[in-house]
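**Q** Residue numbers (my numbering), protein chains in the order written: chain X, 613 to 704; chain A, 23 to 428.
None of these hints come from the bench; they were simulated from the model.
From the three backbone atoms N, C-alpha and C, an ideal C-beta is built for every residue, glycine too.
Each hint can be trusted.
Once the Cα atoms are required to be at most 25 Å apart in a straight line, the calculated SDA-like pairs of lysine to any residue come out as:
{"id": "1", "chain 1": "A", "residue 1": "Lys223", "chain 2": "X", "residue 2": "Asp673"}
{"id": "2", "chain 1": "A", "residue 1": "Lys30", "chain 2": "X", "residue 2": "Met665"}
{"id": "3", "chain 1": "X", "residue 1": "Lys642", "chain 2": "A", "residue 2": "Thr385"}
{"id": "4", "chain 1": "A", "residue 1": "Lys167", "chain 2": "X", "residue 2": "Asn682"}
{"id": "5", "chain 1": "X", "residue 1": "Lys701", "chain 2": "A", "residue 2": "Gly196"}
{"id": "6", "chain 1": "X", "residue 1": "Lys701", "chain 2": "A", "residue 2": "Ala182"}
{"id": "7", "chain 1": "X", "residue 1": "Lys701", "chain 2": "A", "residue 2": "Glu194"}
{"id": "8", "chain 1": "X", "residue 1": "Lys642", "chain 2": "A", "residue 2": "Leu377"}
{"id": "9", "chain 1": "X", "residue 1": "Lys641", "chain 2": "A", "residue 2": "Ala156"}
Computed list of chain X residues with no C-beta within reach of chain A, every gap over 12 Å:
{"id": "10", "residue": "Leu624"}
{"id": "11", "residue": "Asp627"}
{"id": "12", "residue": "Glu632"}
{"id": "13", "residue": "Val635"}
{"id": "14", "residue": "Ala636"}
Chain by chain, the residues:
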Amino acid sequence: MTAQAAQQNTTLAFDHVVAEIAVALQPFKKGEVAITATTDIAQDLNMDSLAVMDLLMELEDKFDVSIPLNMVPEIATVGQLAQTVIESKRGA
Amino acid sequence: MGLMDRFKAQRELHAAVKTCGADPFGVKMDQILSATEALIEGRPTILCGSNNYLGFTFDADCIEAAKQTLDECGTGTTGSRIANGSYHDHKALEQDLADFYGKQHCMVFTTGYQANLGAISTLAGPNDFLIIDADSHASIYDACKLGSATVIRFKHNDPADLDRRLGRLANEPGNKIVVVEGIYSMLGDHAPLKEFVAVSKKHNAYILVDEAHSMGVMGATGQGVVEHDGVLDQVDFITGTFSKSMGAIGGFLVSNMEDFDLLRVACRPYMFTASLPPATVASVRKSLAKLRANPGLMAKLWANVDTLYDGVEAAGFSVGKQKGPVVAVHINDPALAARAWHALLQNGVYVNLALPPATPSGTALLRCSVSAAHSTEQLQHVVAILARIGRELGILGTPAHAVAAE
Ligand SMILES: Cc1ncc(COP(=O)(O)O)c(C=O)c1O
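Use the sequences and the hints to build the structure in full.
**A** Have a look at this one:
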């Protein structure tokens, strides 16, 4: 196994997490605009706080991590959410 | 941006709801006639949306106890118990509740909201974890915000999901407190407490149960779901309210926790608000005494539950899965639900209208609640009116709604 592959085993790649989040966000997608790291979860996707909390729960299961509700105020974009998931995985 | 501009969504939602012909969030009761009837817009109206499960708001003995204490002790305490001291009945009520639950300690709060706010925010410290049911009451969510613990949410009434989420925290050194409710206020379903207790013990977590809607309703003596499921002795904390089956206002926390009384000088929603007025405390002591002397009161409640729940279900409505005094009628379309709510009111039946996103089901709800004080005739009348309106509005028995509901 290369060093890089070993690295990828324990840390999640940012782009991969963003792509997974985009899949989970399909029901909230507005028109044909793609969901990217800069998509604003509340403003662009119109998600209310309950929908955001449900999304966190889904991502906790998808990535087998704990994402505390305390993080919600700090997460505005898909990229920030991906970063939160990655850090939770590292901490786990 | 103006101060109120942030509430655009609420403004729009409220305006949309009012197009049903009335304001569901601003109903004016001109006169209260009894525990089950009020005059609204000049019409005698059956109250089928209160939480007056045992009908104690107009119990003659409770009223007498409150009146007598009003004369003896005055209208209010004008301060918190920490600053202004405890009246005899504050202490006596705490003793009554500790006895009722067979726990060593009790603290009484000014509302059930504050009991949750105080207990949950104070018990869990900055290095601890609160693991809460996804459908928790606002008071539990607000307690999490007031406190400093890390908060994790698990799927509603799902012990396997709780197990998984606690498992992910296995290497975290902090204390864990699981928070669930007995009966849930919107859909009327109740927690599988046996399973929740087992999962909590497995992970060395404490468990707190809010019996707001289940005290005086479930269990042989009315302790709630803790009694119904036989886990009273394994539950670490119980909170509850006097605003529902006790027919007054106030809240409580009971526990066997060592050093419990430290909470009285650490818990801000206890320390920095005025204590309950003595007349209220006296009426609650009387309600509790009456429940303890006559748990048969609950049999009348459950007979009434049969009348309403079975009647509404037989009429063809989609109702909450577990039978209980909260009967939630699901209506997919919020605008249709609001029209049905208004038509009920115009026909002398008051129920609660609950709309998404505030409902756990994602659908609108006509939330009905049953009291032991309802007569069978009143509840049969409610079922008949509901069924008629359901047919008139096409909620029942027409393909049109089945299509609209997709
Ligand atoms: C589950 C639950 N807990 C707590 C409360 C708060 O009770 P209170 O009305 O005494 O503030 C309520 C009622 O609104 C409730 O439904």
